[in-house]
Amino acid sequence: MLDWPLYCATLGVDRMQALIDEVLPSLESAMASVGIQGDFWKNMLSRSKEASQGDLALPCFPFAKQLGCSPDEAAQQIADALQLEIGETIAVGPYVNIRASMEWLSAQLSKEPEPKESIMIEHTSANPNGPFHVGRARNAVLGDTFVRMHRAAGYDVTAEYYVDDMGKQVGILCWALENLDDEQVRALLAEGEIPIEESPHSDKEDHARVLWYQAANLLKAQDPAVDSGVTELVQKSEEADEDILNRFEAAYQPVLDGMLDTLGRMGIAFDTFTKESRFIVDGSVEVLMDQLQSSELHGVAENGAHYLELESKGVKGKSTQFYYRRGDGSSLYATRDLAYHQYKWTRSNHLLNILGEDHKLQSKQVGIALEELGIQTPEVVFYAFTKLADGKMSTRRGNVVYMDDLLDEARARALETVREARSDLPEEKLLEIAESVGVSATRFNIARISPEKGITFRWSDALSLEADSAPFIMYSHARACSIQRKVGDVDLSEGLDASALSGSAADLVRRMAYMNDELQTAIDSRAPHNFCAWLSALAVDYNRFYRDNYVIEEGVVNVQNLILSELAREHLRRGCEAVGIIPIEEM
RNA sequence: GGGGGUGUGGUGUAAUGGAUAGCAUAGGGGGUUUCGAACCCCUAGAUCCCGGUUCGACUCCGGGCACCCUCACCA
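Residue 477 in the numbering used here sits at position 477 of the first sequence; the count goes up by one each step and never skips.
Because the hints were derived from the structure by calculation, they are not lab data.
Glycine included, every Cβ here is placed at the ideal spot set by N, Cα and C.
Misleading hints may appear alongside valid ones.
Claimed, not checked - Restraint-style ranges between C-beta atoms, simulated for each label pair:
1) G192 to K316: 31 to 39 Å
2) E183 to S394: 23 to 31 Å
3) I90 to Q66: 19 to 27 Å
4) E296 to L361: 18 to 26 Å
Can you make the complete structure from the sequences, with help from the hints?
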């Protein structure tokens, strides 16, 4: 159970914050006047379930005892005592509902988020050993959605990619490219029953080179020379051997470039890249390993390997030892990760990492080691794996669905639909729209699901263009754009007259008014899927508004409705950009 | 075996201890098809099991069951 200040800081604060700030003084005096002691009720203020009943709700069950009456009566007393300038108060059963006025809500619409602090978000950071597959894509989509949401909320964001440029994976790739020819690779893959599928992307270096990686992995099982060859390379790379690091880079960089092309196609870009080898080269890993020796947790194994004993820190399992230095004195991946975090803290005051659930233990171990070194721990968002229906995805075994192919397929499906709907557009334009729809749908189908929930990849789900999906939102935006195009330049300076709003128009304003709250809440609770849900709801509200309210009626423009449509267009556009949906103007 | 996560209509999912468990698909019915129908409305259908705490539990605690992740001198 969380205590009150912490609870408040993590969950309560930002939801409906603007409204809470507004009503709290009046509410405090109302509570005092009916005889409620203390301020424990403040964290019970929550969003009303039904927008039709109000915006903020206060359940009154706990007051019944204190006041010696029924919860319904308590609600009535409080409601009677509460006078608000910005809205009305209604007791509904055991709840006090506070309903903001349309004037107050519409005044929220133009508010831009305040500029906020800096944050470095590290995501994806996949080994550059093969094309992006849909398992890796969850990290990239989730990470980039965090990046975009933070930017939309006013944060100064750095999107960071950690390049694993010296590990075993890259070592195998390098060895394979230097030692195997095309014929050998094909023979090995045929023998290992890994199909070589021809696709439009076969010539991309990530697709081309992954075959070498897969072949070397197969050969490794039958020929010990492979292992020793790779091990030699990896060892030298860990000694910061310049020649080896250059050869590694020659092997992986084209693969990484191919992966980044795929990411770019999805609208995902990075500001900075950091190579793992950097921390060997600059000696910082060595310094940290020395420092760890003075930790109370420090221990040395028989062969001279160093570790931290983490049992006292709550780590449980077969082994509670966290090795950070091998018997030969070299560092491990996790050790370099310590140096990496030390470095990242010099670049930003807030760190957020996006990691797969398989990194949970590792992340905890690194966190403890960082504490021992007096270095702050980063915040981490973990996501569950994306599986194939017939098992785990693996680049090594070739049991994968590549992102490039998924995006092609998504575009092809979208193209069918667009072609049907828009026979008036040239083929080139249709393709452009289909690409945007395909990419957006693919991203949204990942982003809209809670990170800790496991996903089983199914083509039908991944390519869904149905209602709870990106195309629905995009269509709503395109519709608003179409209306704008149709009416042309109209003078909107009269502004929105909020007092006249009702029904679906009022619902639309209410939805839009909470955009910044929803965005901030999704950020604070690390729940991008909640903002996706808000965006879908906005699209639904806009469609209902559109049904009930005509912008153009019998050739005459209704300026008030046009203002609302334009506000919705802008909110839809901002929302789309915050979750990585491409807000195209026609489709 | 230890640790962590997940379990909600047929299917996919949402929900700070609070109101009638929301949304989407598939099913049944209907609308407008004259600002763009990739739309809208109606209908039917669910919290894994057993206890506990509470005025109140999908939510917290305990015990089961199922699935996933993890327990390297790998990365």
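So, going through the hints one by one against the coordinates:
no. : hint                     : verdict
1   : G192 to K316: 31 to 39 Å : holds, 38 Å
2   : E183 to S394: 23 to 31 Å : holds, 25 Å
3   : I90 to Q66: 19 to 27 Å   : holds, 22 Å
4   : E296 to L361: 18 to 26 Å : holds, 21 Å
In summary, this structure violates none of the numbered hints.
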